[in-house]
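With the sequences and hints as input, model every part of the structure.
Those sequence lines, one after another, are chains U and W.
Residue numbers for the first sequence follow the working numbering, so the first one is 9 and each next one is one higher.
Residue numbers for the second sequence follow the working numbering, so the first one is 11 and each next one is one higher.
Residues from chain U that keep clear of chain W, each with C-beta distances beyond 12 Å, as calculated:
(1) S17
(2) E231
(3) S251
(4) I269
Facing chain W, from chain U, some residues (calculated, C-beta under 7 Å):
(5) G88
(6) Y97
(7) E103
(8) P107
If you are wondering where the hints come from, they were derived from the structure by calculation, not from laboratory data.
For each residue, glycine too, the CB sits at the ideal point set by N, CA and C.
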Amino acid sequence: MDSNKQTCSHLFDARGINVCLGGRRVVHEVDLALRSGELFGIVGANGSGKSTLLRGVLGFVPCESGEVRFRGEDFSSYSGRERAREIGYLPQDAECGWPIAAERVVMLGRLPFLAPWGGPAEEDVRSVASAMASVDVAGLARRPVTQLSGGERLRVLLARALAGNPALLFADEPSSGLDPYHQLQLMELFRGHVHANGATVVVVLHNLALASRFCDRLLLLNEGRTVACGPPGEVLQPGHLQSAYGIEAKILESGGQRAVIPWRRVEK
Amino acid sequence: MTVPKENRDSRRGSVSVPLGLSVLVVFSAVLSLSIGAVWLSPAEVLRWFFTPGEPMGVAVRELRLPRTVLALLVGGGLGIAGAALQGYTRNPLADSGLLGINGGAALGAVLVLYTGLLRGAAFTLAIPLGGLAGAAAATFLIAWLAGKVRSIQTLILAGVAVSALTAALTSLVLNFSPNPFATQEIVFWLLGSVADRSWEHIGFAGPFIAVGAAVILACGRGLQALTLGEDTAASLGISLGRLRLGIIAGCALVVGPATAAAGAIGFVGLVVPHILRPLVRYDPAKLLVASALGGALLLLWADILVRLIPVEQELKLGVLTALLGAPFFLWLIFRLRRLYP
Numbered sequence: 009m010d011s012n013k014q015t016c017s018h019l020f021d022a023r024g025i026n027v028c029l030g031g032r033r034v035v036h037e038v039d040l041a042l043r044s045g046e047l048f049g050i051v052g053a054n055g056s057g058k059s060t061l062l063r064g065v066l067g068f069v070p071c072e073s074g075e076v077r078f079r080g081e082d083f084s085s086y087s088g089r090e091r092a093r094e095i096g097y098l099p100q101d102a103e104c105g106w107p108i109a110a111e112r113v114v115m116l117g118r119l120p121f122l123a124p125w126g127g128p129a130e131e132d133v134r135s136v137a138s139a140m141a142s143v144d145v146a147g148l149a150r151r152p153v154t155q156l157s158g159g160e161r162l163r164v165l166l167a168r169a170l171a172g173n174p175a176l177l178f179a180d181e182p183s184s185g186l187d188p189y190h191q192l193q194l195m196e197l198f199r200g201h202v203h204a205n206g207a208t209v210v211v212v213l214h215n216l217a218l219a220s221r222f223c224d225r226l227l228l229l230n231e232g233r234t235v236a237c238g239p240p241g242e243v244l245q246p247g248h249l250q251s252a253y254g255i256e257a258k259i260l261e262s263g264g265q266r267a268v269i270p271w272r273r274v275e276k
Numbered sequence: 011m012t013v014p015k016e017n018r019d020s021r022r023g024s025v026s027v028p029l030g031l032s033v034l035v036v037f038s039a040v041l042s043l044s045i046g047a048v049w050l051s052p053a054e055v056l057r058w059f060f061t062p063g064e065p066m067g068v069a070v071r072e073l074r075l076p077r078t079v080l081a082l083l084v085g086g087g088l089g090i091a092g093a094a095l096q097g098y099t100r101n102p103l104a105d106s107g108l109l110g111i112n113g114g115a116a117l118g119a120v121l122v123l124y125t126g127l128l129r130g131a132a133f134t135l136a137i138p139l140g141g142l143a144g145a146a147a148a149t150f151l152i153a154w155l156a157g158k159v160r161s162i163q164t165l166i167l168a169g170v171a172v173s174a175l176t177a178a179l180t181s182l183v184l185n186f187s188p189n190p191f192a193t194q195e196i197v198f199w200l201l202g203s204v205a206d207r208s209w210e211h212i213g214f215a216g217p218f219i220a221v222g223a224a225v226i227l228a229c230g231r232g233l234q235a236l237t238l239g240e241d242t243a244a245s246l247g248i249s250l251g252r253l254r255l256g257i258i259a260g261c262a263l264v265v266g267p268a269t270a271a272a273g274a275i276g277f278v279g280l281v282v283p284h285i286l287r288p289l290v291r292y293d294p295a296k297l298l299v300a301s302a303l304g305g306a307l308l309l310l311w312a313d314i315l316v317r318l319i320p321v322e323q324e325l326k327l328g329v330l331t332a333l334l335g336a337p338f339f340l341w342l343i344f345r346l347r348r349l350y351p
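Structure representation (structure tokens):
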């Protein structure tokens, strides 16, 4: 309430988040403050609480404590439908329960926009088509998703998340099942979504080269706690990489961009 | 562009499946009214229906029509509940009995039969009311368990446990049954039938089934979203708690009274959604209406067959649906291996 200055500059502001899963605290006092129009990466070793942090701030698992504000308002004051119209979410290991045609899966992303009992309108059909074109899956429109390859399926599900044209998109490890070409395409797509629409994209990444090259800011987690948060150069410095991952990295510089390449294991 | 065309196609598909099924249901219902000890043409059925007093008119109004309407109601109810539970669990092997509510209804009805036979007291709705009480008890148990745990997998396991418990208790009642006649009465009731039911049965079960079906239909969007998993459904604005409550309440309102009125009729809720799913392009919401119509159609035809097959002791409806359903189930298992490798 009194932090107007902060909330004005932040699209999404989660403070002091604690999440327990199965009696064990998985996320400790983590802040996640997102600005409008940034590509924000969350990095950290396996089990460092990246996914749980996302699921906690979005309310899929209960937070033990912490405050979440969206556009300056208490997040819980938004209805599920209001949230869904502005915030997209692509889960880790995204699945599809039935062999539905890809195009109809993407249309599910328009559910929060459909009138009760109504069918898709012109605008919904257009959004679906453009979302599918943007991730290169327009040609798969009529194929059942269960028959697609892992990478194709992931891109279809990403199109589903983009079909609502969300102001804020959370993507949980979307790149892990993709080949290098489609990994680059994915990150360029996220950056394009950020630049073209002023949207904010939060992406959980294991690939530090992609994280350091493409993200505006990074949050590095270790055992559920924040190690560092800021520009990739500050966050992925040798000390942090050693304590959070137990690795040493080489820095590749090319065309003014820096990419962190994991090189060898060291003692944590 | 191809996209709007596809959209038109899908709309046409979603109308034509319920429409086609409805036509078949109407046709089959007329056939169901025509057959019996005396075969009647559709015109004769109409004429007798509006002829007061005559024995044939009474037979049409008080025997054939209730039987047909109850088959439609029960079949439709089991079909939509099966589709709802398959959609909710994203498991094609779920059926209307998944939550153990039909087991509870059977146990309640069997208890009434057991105690009622002991005292020699019975009125028309005693058995259905007992079934309803049993279904309610099973529903509260499953709802309480579902409140404790939040995952769909655990709800399935809880349903299996409730089913096993009610089955064991039903066997216990049979075990203590006082004489062979009582045992036979109970066993025959358990086999399921819509024969010799009155308008009272329909007046009793119909409203519950209608309300339950409406509750299930309101869950359609939620089931669509759930195709992509629980977290994604929540991110699409679906309240998972409300959806779970709607599915449990809707299925309880449908399956409990249906079982209480007609006995334990299996496989309708499993088989019907399965056959129809490809026709509605695997859409779990469109499958609901289609399965209601398909269930009504299947049970109507099973009841027609039961009356047509010339055996000394009338074949029970539940026996026929299981006889048709079990081989289908086997075929399903082999087909699923290909579809979900």
